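Below, each chain spelled out in residue letters.
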Amino acid sequence: MKILYFAWVRERIGMPEEEIALPAEVSTPADLLAFLSKRGPEYESAFERPEIIRVAVDQTHVDHDMPIGDAREIALFPPMTGG
Amino acid sequence: MKILYFAWVRERIGMPEEEIALPAEVSTPADLLAFLSKRGPEYESAFERPEIIRVAVDQTHVDHDMPIGDAREIALFPPMTGG
Amino acid sequence: MSITVRIQPDDFDPAAEVAQLTEGRPEIGAVVTFTGLCRDEEGRLAALELEHYPGMAEAEILRIAEEAGTRWPLEGITVIHRHGKLAPGANIVLVITTSSHRTAAFEAAEFLMDYLKTRAPFWKKEWLADGTSGEWVEARDHDDTAAERWQTA
Amino acid sequence: MSITVRIQPDDFDPAAEVAQLTEGRPEIGAVVTFTGLCRDEEGRLAALELEHYPGMAEAEILRIAEEAGTRWPLEGITVIHRHGKLAPGANIVLVITTSSHRTAAFEAAEFLMDYLKTRAPFWKKEWLADGTSGEWVEARDHDDTAAERWQTA
Numbered sequence: 001m002k003i004l005y006f007a008w009v010r011e012r013i014g015m016p017e018e019e020i021a022l023p024a025e026v027s028t029p030a031d032l033l034a035f036l037s038k039r040g041p042e043y044e045s046a047f048e049r050p051e052i053i054r055v056a057v058d059q060t061h062v063d064h065d066m067p068i069g070d071a072r073e074i075a076l077f078p079p080m081t082g083g
Numbered sequence: 001m002k003i004l005y006f007a008w009v010r011e012r013i014g015m016p017e018e019e020i021a022l023p024a025e026v027s028t029p030a031d032l033l034a035f036l037s038k039r040g041p042e043y044e045s046a047f048e049r050p051e052i053i054r055v056a057v058d059q060t061h062v063d064h065d066m067p068i069g070d071a072r073e074i075a076l077f078p079p080m081t082g083g
Numbered sequence: 001m002s003i004t005v006r007i008q009p010d011d012f013d014p015a016a017e018v019a020q021l022t023e024g025r026p027e028i029g030a031v032v033t034f035t036g037l038c039r040d041e042e043g044r045l046a047a048l049e050l051e052h053y054p055g056m057a058e059a060e061i062l063r064i065a066e067e068a069g070t071r072w073p074l075e076g077i078t079v080i081h082r083h084g085k086l087a088p089g090a091n092i093v094l095v096i097t098t099s100s101h102r103t104a105a106f107e108a109a110e111f112l113m114d115y116l117k118t119r120a121p122f123w124k125k126e127w128l129a130d131g132t133s134g135e136w137v138e139a140r141d142h143d144d145t146a147a148e149r150w151q152t153a
Numbered sequence: 001m002s003i004t005v006r007i008q009p010d011d012f013d014p015a016a017e018v019a020q021l022t023e024g025r026p027e028i029g030a031v032v033t034f035t036g037l038c039r040d041e042e043g044r045l046a047a048l049e050l051e052h053y054p055g056m057a058e059a060e061i062l063r064i065a066e067e068a069g070t071r072w073p074l075e076g077i078t079v080i081h082r083h084g085k086l087a088p089g090a091n092i093v094l095v096i097t098t099s100s101h102r103t104a105a106f107e108a109a110e111f112l113m114d115y116l117k118t119r120a121p122f123w124k125k126e127w128l129a130d131g132t133s134g135e136w137v138e139a140r141d142h143d144d145t146a147a148e149r150w151q152t153a
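In order, the protein sequence lines correspond to chains A, B, C and D.
By our numbering, the letter at position 12 of the first sequence is numbered 12, and the numbering carries on one by one without gaps.
By our numbering, the letter at position 16 of the second sequence is numbered 16, and the numbering carries on one by one without gaps.
By our numbering, the letter at position 56 of the third sequence is numbered 56, and the numbering carries on one by one without gaps.
By our numbering, the letter at position 95 of the fourth sequence is numbered 95, and the numbering carries on one by one without gaps.
Isolated chain A (complex conformation) (with noise of 0.2 angstroms):
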């Protein structure tokens, strides 16, 4: 699955995106941000407030108990201050 990070979890994590074989008990966003938490000091850092992360499933913004489904991008960033 292709990750794509944003703004200050990009910054924290250290890349924009990365490819992650994800395993088949992460199915909602919830469970990815639970599952990547535990992948270093970085990701702990960049997701230490879950609650306040968007998720974006295939470009399209998901609550954090939405099925994953086959998705082919997930993307992680804080709240948006576009405008």
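No lab work stands behind these hints, which were simulated from the structure alone.
Don't take every hint at face value.
Cross-link-like lysine-lysine pairs, in silico, DSS-like; alpha carbons within 30 angstroms at most [to be verified]:
(1) B:K2 / C:K125
(2) D:K125 / A:K2
(3) B:K38 / C:K125
(4) D:K85 / D:K125
(5) B:K2 / C:K85
Remember, predicted model here, so these are calculated numbers, not experimental data.
Since the structure of chain A is already known, use the hints to place chains B, C and D on it.
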């Protein structure tokens, strides 16, 4: 007193302004409209629905029951449609 | 806050007016413009003729702009209203508001337009596509209702 | 209704974009533009750097614009959002709405801005006047509240 007319009030009366000596009993716009309506059929037609006529005394909107005082000019016109 | 009010027969250039309000003003974060155009009413109209009350038109728009300045934190207001005979597609009115924040700029521009419609001494007469003069445009209740929403108790 | 959405590093020209939406369209009576500018925050900022999610940014703004088109009788919508490092005074975002009637144009422009602020995947980072990179701008509760007012039951 200088009296000004605009839009269809001007068209019905047939002139944009005139000087009229107002009798002492004309002390409000309501009095003025009643007084003018008696000057002829063109005035009667212009002020047949006095309640919709707007009044400005010295270029400031006023209600029909406000005192005219020692105004320099009074304008009578239909509801505005600018913008 | 700077206020510019102009009543003129000539066309206006919104970009030039925005530049006038914003250049060298890095505290401005939001610019809202409203441009009102002459419609052809599905081909029915050849022109709108705008009559106004010289002197009072400027004074009343200035009063409305000053009122907006007391209600919202604005950096600048520009209002330009044309008069005379205007063809479909022509500019009629321009309102520009600038502020640090977008909500103030939006609300003030709407307020200005609502009050211009109901308090500025302008009247529109229709000229028809067949060359004859048509009716004076009637004031719409909708505009009074729009203006009333800004009234405070 | 025509919708134009562009995400670009380059500046935009509001007058040219308005002309694009209005020329030869005599049914349009109202044009509202919103321009968002980079503020200097009282001299504190040298620049704002705008990061975005390519692909999703365009798609999300298009979804927001289509939603606006279902809610209001609009003739056209243009949204242009810049990215990259922008100096104080620079344009950041442009929203234009056109309609027969002013209320639709105003409300749709406000709706578009409220949703752009809270749903379009852009992030702003501050660059300070001393040349160092500052903080990422934090989302404001105020913007969420502004967006929520458009939600229907």
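Here is what the structure says about each hint:
1. B:K2 / C:K125: holds (25 angstroms)
2. D:K125 / A:K2: This hinted pair holds, its Cα atoms lying about 25 angstroms apart.
3. B:K38 / C:K125: Answer holds: K38 of chain B to K125 of chain C is near 27 angstroms, not above 30 angstroms.
4. D:K85 / D:K125: holds (9 angstroms)
5. B:K2 / C:K85: holds (27 angstroms)
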